[in-house]
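Student: For chain A, the structure is supplied; the task is to place chain B on it using the hints.
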Amino acid sequence: MSMLKLTTAAFAVALAAGVALPAQAEDSVYIQLPTYRTGPYAGSGIPIANGMHDYLTMLNERDGGINGVKINVDECETGYDTQKGVECYEQAKAKGTLVFNPWSTGITLQVIPKASVDKIPVLSMAYGLSAASQGDVFPWVFNPPMTYWDGASGIIKYIGEQEGGLDKLKGKKIGYIFLDAGYGREAIPLLEDLSKEYGFEMLQYPVAGKEMQNQSSQWLNVRRDKPDYMVMWGWGAMSPTAVKEATKIRYPMDKFIGVWWSGGEDDARAGGAAAKGYKTLNFNSVGPDKPALQDIKKLVVDAGKSQVDPAKFGENLYNRGVMNAVIMAEAIRVAQDKSGKTVINSEDMRVGLENLSIDAARLEAIGLPEFFSPMQISCKDHSGHTKMYVQEWDGENWKQVSDWFEPMSDKVEPLLAAAAEEYKTSNAPWPARAEACAN
Amino acid sequence: MDTLYAVFVDPFAQMIDMPDFFLQVLWEGFVAGVLYALIALGFVLIFKASGVFNFAQGIMVVFAGLTLVGLHEKGVPAWLALILAIAVMGVLALAVERLVMRPLVNQPDIILLMSTIGLTYFLVGFGEFVFGGEPKQMITRELGLPTGSTAIEIGENGLLILQHIDIAAAAIALLMVAGLGIFFNKTRIGRALRAVADDHQAALSVGISLNQIWVIVWFAAGIVALATGIMWGARSDVSFALEIIALKALPVLILGGFTSIPGAIVGGLIIGIGEKLGEIYWGPLVGGGIESWLAYMIALIFLLFRPQGLFGERIIERV
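Heads up: the sequence lines are chains A and B, in that order.
Going letter by letter, the first sequence gives residues 1 to 439 in UniProt numbering.
Going letter by letter, the second sequence gives residues 1 to 319 in UniProt numbering.
Hints listed in this document are in silico derivations from the structure and should not be mistaken for laboratory results.
Careful, some of the hints might be misleading.
As the list claims (entries may be wrong) - Straight line, CA to CA, 30 Å or less: simulated BS3-like cross-link-like pairs of lysine-lysine:
(1) A/Lys-312 with B/Lys-136
(2) A/Lys-276 with B/Lys-136
(3) B/Lys-136 with A/Lys-84
(4) A/Lys-298 with B/Lys-74
Said to hold, decoys possible - Away from chain B, derived, C-beta distances all over 12 Å, residues of chain A:
(5) Asp-295
(6) Lys-338
(7) Ala-360
(8) Arg-362
(9) Phe-371
Don't be surprised by glycine CBs; every beta carbon is placed ideally from N, CA and C.
With the rest of the complex left out, here is chain A:
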């Protein structure tokens, strides 16, 4: 071996040792964050990605991780594309992620059958398959704090209150404009069921993914049909375009209510002053003032370790990303407690998620008082079905215009149970739950 080769080999060994040694010496866990900072849905994906990343980074910077265990985070760009999302899942599996956050209903539906085989918990926070809230059928899938069906029932409940009672919905027309994909179609069965029960007519306006910025036909139909209320399940470029189109046809904006994913500031801003009155559901608070958010600002944003535009720090979807990270971090703490280990694995993480309980006192303790409604997950209930509120766009900011309220659980729960059974049947042989309940 020549001297050069010998030197090169020695250098390579030294370099490898130098890189590997600290990693071995330091306790850490790994979480992959599937994100979409590019493509047609980046407008929604970027603030979410920033929020998730920044909270976990803040924990590393401020506390040295969770109970002394650093959280190694990297992102996998899905572009909201199901195929790429599944590729990210395979990468995450290979790298030993504790949990997989698909951030797309389409990707969630694809990875649900894989999760129980690979023993990786899937956390689809308020999206994905509503029936996955049934923990006895889906032990590896979690969708706190609420399902889409909770959201749909919440909107109908709110509209009923505006009209003076659910019985007043009889004969009304409620339009449903939605992204014509797994996400948008998910709420339809519940809305159809409620329309039969309360006697309102449900009008559907699908928006194809490639037509998100070309919705004039849908809104012409809205103008002709004159629905009393419009409900939106929009995401990415669809939401701001819909808000703009609604203002164009002079639809009364106070009768236009979006799901929580259509409530980004940029979604409403697009409509200008005419968008005042536009409403959406929400389940997290908006604004940068909570102590933990200020820690993020000081230790991550101001330190140049975040990609967030400082002007957009604390906006709704950024805080939503923070909330997703809070759920993961708190589940890690529970998993560490339950397993007696500090460096947990994905099976421990599943137990942590299944035993997750975040009450008001805990929110206060982690510097996020009243950031969201207290949640309690159990072996049977993987969602928690917590509370939501309605926010209204005042032209510059979101303002809370309702109290926190519960979904119509009496209507939703039986349907969720039936849907879970139907999923089991149509995906037979669906494995029976083998995981012991540790509640």
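Tutor: Below, chain B without anything else, positioned relative to chain A:
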């Protein structure tokens, strides 16, 4: 009988019953058609001069719009940003000619098509790298473009709502078409360009620079892309989702012919108005959502009778 009534009678009865709404549908179709025509125009310019189907035209719309808004966000005054955006499209045209087209001279058409697909991916990545992936609001007011709307009363309760930006889009599109028409027919460069389109070798033999012509058409297509980006961005946002809308230009091109500027305009209007009428009056019969494929159906029906498109040149090959 009910089906026949629903297909052949009821839609027309609705049109007569609600004339204001019918006019609104026609207007929205017209505006959409104008915007489709603008995108198609970009394709036609390049295809006409070089025989290349420029798959990157959609992303050029996004890139041009992002450049304009991105520069303004960095503190550049709106009109200067517009001039700089035009300059950037000029630089892009030069770069495409030098780095993409020139090395591929005399290669089969499919290679040139593939190179424009590569260009698409480059512009997506470069655009996101420079300006980020977040949608941006078009600087409509700053550019002096009109906002707001005018409502015209029709009948007792009827209302036709015209968005001022849509009127401006239609006017600008017509001006661009007229300008391009004059450029192609009345100027020396325009005639050279037509000569290149007819026969590359003959054009070269009389001293026309192929490279120069290619830079000019890519630059012209870039300016058309910028105009489209401004107009469509003003209707929604400037985002990478706009790139997909460029696919709407395909049925327009099939219908109007790949080499005809008037064809792009007429094709755009037929597709725009046709898909709106179809979606609103016949769509409900099949559950709606027919707009995305109706454009192709309209184009295919026309193709049955005129395979070269409405204004395309008939290709006769002797064997």
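Student: Next, verify each hint and record whether it holds.
Tutor: Status of the hints after comparison with the structure:
A distance of roughly 14 Å separates the Cα atoms of A/Lys-312 and B/Lys-136; the hinted pair therefore holds under the 30 Å criterion. Distance check on the hinted pair: A/Lys-276 and B/Lys-136 sit about 20 Å apart at the alpha-carbon level, within 30 Å; holds. Restraint check: the Cα-Cα separation between B/Lys-136 and A/Lys-84 comes to about 25 Å, which is no more than 30 Å; the hinted pair holds. At most 30 Å may separate the alpha-carbon atoms for a hinted pair to count; A/Lys-298 and B/Lys-74 meet this at roughly 25 Å.
Listed as outside the interface, A/Asp-295 is consistent with that label: its C-beta sits roughly 25 Å from the nearest C-beta of chain B, beyond the 12 Å cut-off. With a least CB separation of 39 Å from chain B, A/Lys-338 remains clear of the 12 Å interface cut-off, as annotated. The claim that A/Ala-360 lies off the interface holds: its Cβ sits roughly 34 Å from the closest Cβ of chain B, which is beyond the 12 Å cut-off. Chain B leaves A/Arg-362 outside its interface by the beta-carbon criterion, the shortest separation being 33 Å against a cut-off of 12 Å.
Annotated as non-interface, A/Phe-371 keeps its C-beta farther than 12 Å from every C-beta of chain B; the closest such distance is 24 Å.
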